[in-house]
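Quick note, the sequences are listed as chains B and D, same order.
Our numbering applies: residue 1 is where the first sequence begins, and numbers increase by one.
Our numbering applies: residue 1 is where the second sequence begins, and numbers increase by one.
Hint data in this document are derived by calculation from the structure and do not stem from the laboratory.
Keep in mind that a hint or two might mislead.
Stated by the list, open to error - Pairwise CB distance ranges, derived in the manner of DEER restraints:
1) F39(D) with K133(B): 42 to 52 Å
2) Q206(D) with K133(B): 49 to 59 Å
3) G214(D) with A90(B): 51 to 61 Å
4) A250(D) with D191(B): 26 to 36 Å
Unchecked claim - One-sided and incomplete, this derived list gives chain D residues near chain B with beta-carbon spacing under 10 Å:
5) A55
6) R64
7) T116
8) T148
9) I151
10) D152
11) A153
12) I154
13) E155
14) S157
15) A158
16) N160
Quick caveat: nothing in here was measured; it's all calculated off a predicted structure.
Think of the CB as a built atom: it goes at the ideal place given N, C-alpha and C, for glycine as much as any other residue.
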Amino acid sequence: MATAYDIATKQAAPEQDGLAPVIAVENVHKSFDGHKVLNGISLHVNQGETLAVLGRSGTGKSVLLRLIIGLDTPDSGSICIHGQDIAGLALDRMGEIRKKMGFLFQQAALYDSLTVAGNVAFPLEHHRRDMSKSERADHVRQLLAEVGMDGDLEKMPSDISGGMQKRVGLARALALEPEILLLDEPTAGLDPISAGEIDELILKLQRERQMASIVVTHDLHSAKTIAGRLALLNEGDVVIEGTFEDLQQSETAFVKEFLKQS
Amino acid sequence: MSSRGLIAGANISPPIPVRRSVPASSVVNSTVGLFNGFFEWFGELGIFSWRVFRAAITPPYEGRELIRQLDEVGSKSLPLVAMAGAAIGVILSLEARYSLTRFGAKSMFPATLVYTVLQVMGPVITGLVVSGRVGAGMGAELASMKVTEQIDAIEASAINPYRLLAATRILACILMLPLLTIATDGCALLTGWFAQSLVEPLSFHQFISSGFNGAHFNAFLPQTFKTAVYGLIIGLIACFQGMRTRGGAAGVGRAATNSVVLASLFLILADVLLVKFILVFFP
Numbered sequence: 001m002a003t004a005y006d007i008a009t010k011q012a013a014p015e016q017d018g019l020a021p022v023i024a025v026e027n028v029h030k031s032f033d034g035h036k037v038l039n040g041i042s043l044h045v046n047q048g049e050t051l052a053v054l055g056r057s058g059t060g061k062s063v064l065l066r067l068i069i070g071l072d073t074p075d076s077g078s079i080c081i082h083g084q085d086i087a088g089l090a091l092d093r094m095g096e097i098r099k100k101m102g103f104l105f106q107q108a109a110l111y112d113s114l115t116v117a118g119n120v121a122f123p124l125e126h127h128r129r130d131m132s133k134s135e136r137a138d139h140v141r142q143l144l145a146e147v148g149m150d151g152d153l154e155k156m157p158s159d160i161s162g163g164m165q166k167r168v169g170l171a172r173a174l175a176l177e178p179e180i181l182l183l184d185e186p187t188a189g190l191d192p193i194s195a196g197e198i199d200e201l202i203l204k205l206q207r208e209r210q211m212a213s214i215v216v217t218h219d220l221h222s223a224k225t226i227a228g229r230l231a232l233l234n235e236g237d238v239v240i241e242g243t244f245e246d247l248q249q250s251e252t253a254f255v256k257e258f259l260k261q262s
Numbered sequence: 001m002s003s004r005g006l007i008a009g010a011n012i013s014p015p016i017p018v019r020r021s022v023p024a025s026s027v028v029n030s031t032v033g034l035f036n037g038f039f040e041w042f043g044e045l046g047i048f049s050w051r052v053f054r055a056a057i058t059p060p061y062e063g064r065e066l067i068r069q070l071d072e073v074g075s076k077s078l079p080l081v082a083m084a085g086a087a088i089g090v091i092l093s094l095e096a097r098y099s100l101t102r103f104g105a106k107s108m109f110p111a112t113l114v115y116t117v118l119q120v121m122g123p124v125i126t127g128l129v130v131s132g133r134v135g136a137g138m139g140a141e142l143a144s145m146k147v148t149e150q151i152d153a154i155e156a157s158a159i160n161p162y163r164l165l166a167a168t169r170i171l172a173c174i175l176m177l178p179l180l181t182i183a184t185d186g187c188a189l190l191t192g193w194f195a196q197s198l199v200e201p202l203s204f205h206q207f208i209s210s211g212f213n214g215a216h217f218n219a220f221l222p223q224t225f226k227t228a229v230y231g232l233i234i235g236l237i238a239c240f241q242g243m244r245t246r247g248g249a250a251g252v253g254r255a256a257t258n259s260v261v262l263a264s265l266f267l268i269l270a271d272v273l274l275v276k277f278i279l280v281f282f283p
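Sequences and hints are given; from them, build the entire structure.
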């Protein structure tokens, strides 16, 4: 029966066909006001792969995503995107890397002064000035149609439900056709039906676009549906990383307890 | 035993109040903490100012957002500053007429009103009114965006929030304050003349000629354009307070309040230096 160490070792060098991982987090530490949140975490994600990061609330899952997108900086360790270490990069240089990344915030973080269409068009207006107004409008309509929101273009974020806001947030994250997608609790706060619809949507987008994705979630069912690999965090580090079957075979007490409670 | 449970006849003296002295170390720690907080605030403001300055001078420029902010700061503040100017004009007219009549200098009324409005009251009143309206609005708006992660979303979309949010607002304040000051001055002079005319008829032409008699541009232009510095203070403080907010709705409220209070305070303190600067360089 595979132990956590065996699984971790097997997954330790996930190079794909000799190519370096798209996202490489190496020995990252992060504390806030003396409280250690990430304690030497390391993980890798390859192109076309989805990694689900699981764990209890407050174990640093969202902090990990914020470090990868560069909204916070690690205390030590390195985070490489396509081989480039992003720690300490200036804002404008980091911007060039962020253009290849899409981020879905836990509460969607839609701009409340813009309509649904305005929110999705926002990154295009700034980074795709080569597009004409009609091309942009068509692209926005297409993105919203992909997430099932093409009937609500002129609505304001306050007029739509949480699930719909997440869909719009997802469309906005995909606006610049990113190679990397980061999703922070995409199904948090949603009813089971809406959560299932979001999962199916993410799966469909993954199949079509082959992005390197990290999904942070505490929903094991969701993680099983959308991710090929799962990483379970506890006390700021990865306890186990592998497929769902690997987690089920683990002898580690924490892993068993997490699976039992999920 | 008495009915109150005390032994009858017992001589029980009232408790002696214990005076608790505050340890000297606690006072010292609080004072040090205050000073630290004071210098930390200025340090963070300095870093924020540098980031905004760098963002403002490097492309791509946010022209559309700047125009939107010019409308927000300028056009939407116009009715308020006009009303404030109108009120000031009437108040100064009533007060000045009384004082000048008492000292036999009634004929100096037009010049007194013109110089008082253009050199002192117009700029300061405009600055304080705009600080209240725009400072609170900007501080609250950016604070609300901060606590709902909208600013993080802007940054995650590879857009510089210092350029898009802060630089545009600050520049709009710098450009609009002198124009709003002119509007305040105009309304104040108009209503001041009107209030005077109700008591002692005087044509507007006569009023203006008499008021500006012997005046040079140097007497008024520096005082009007110093309000660009007011705009810088209002925009910078409001954006800084808003973009560093924490703590949900309470944090938003604090940001709005602090934006107004600090902007107004720094504006008045800056005026002390600016007045001296103008007196030295534009005698």
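query = Under the criterion of a CB-CB separation shorter than 10 Å, is E155(D) in contact with chain B as hinted?
reply = With Cβ-Cβ at 6 Å, under 10 Å, it holds.
Hinted contact I151(D) with chain B - closest CB pair below 10 Å = holds, 9 Å
query = Under the criterion of a CB-CB separation shorter than 10 Å, is A153(D) in contact with chain B as hinted?
reply = holds, 4 Å
ask   = Does A55(D) meet its interface restraint, that is, does its C-beta lie within less than 10 Å of any C-beta in chain B?
value = OK, holds: A55(D) within 10 Å of chain B, min 8 Å.
task = Hint says 26 to 36 Å; check whether the CB-CB distance for A250(D) and D191(B) agrees.
result = For D191(B) against A250(D), whose Cβ atoms are near 30 Å apart, the range 26 to 36 Å holds.
query = Given N160(D) as an interface hint, is the shortest Cβ-Cβ distance to chain B below 10 Å?
reply = At 6 Å from the nearest chain B Cβ, N160(D) passes the 10 Å test, so the hint holds.
query = Does A158(D) pass the interface hint, meaning its C-beta sits closer than 10 Å to a C-beta of chain B?
reply = holds, 4 Å
key: Closest C-beta approach of T116(D) to chain B relative to 10 Å, hint status   = With Cβ-Cβ at 41 Å, over 10 Å, it is violated.
Interface hint status, R64(D) versus chain B (Cβ within 10 Å) = holds, 8 Å
task = Would you settle whether the hint for T148(D) is holds or violated, based on the nearest Cβ-Cβ distance to chain B being less than 10 Å?
result = holds, 6 Å
inquiry  = Tell me if the beta carbons of Q206(D) and K133(B) are separated by a distance inside 49 to 59 Å.
reply    = With Cβ atoms ~56 Å apart, the hint holds.
ask   = Given S157(D) was flagged as interface, is its beta-carbon under 10 Å from a beta-carbon of chain B?
value = Hint on S157(D): holds, closest Cβ of chain B at ~4 Å, below 10 Å.
The structure is inconsistent with hint 7 alone, although it conforms to all the rest.
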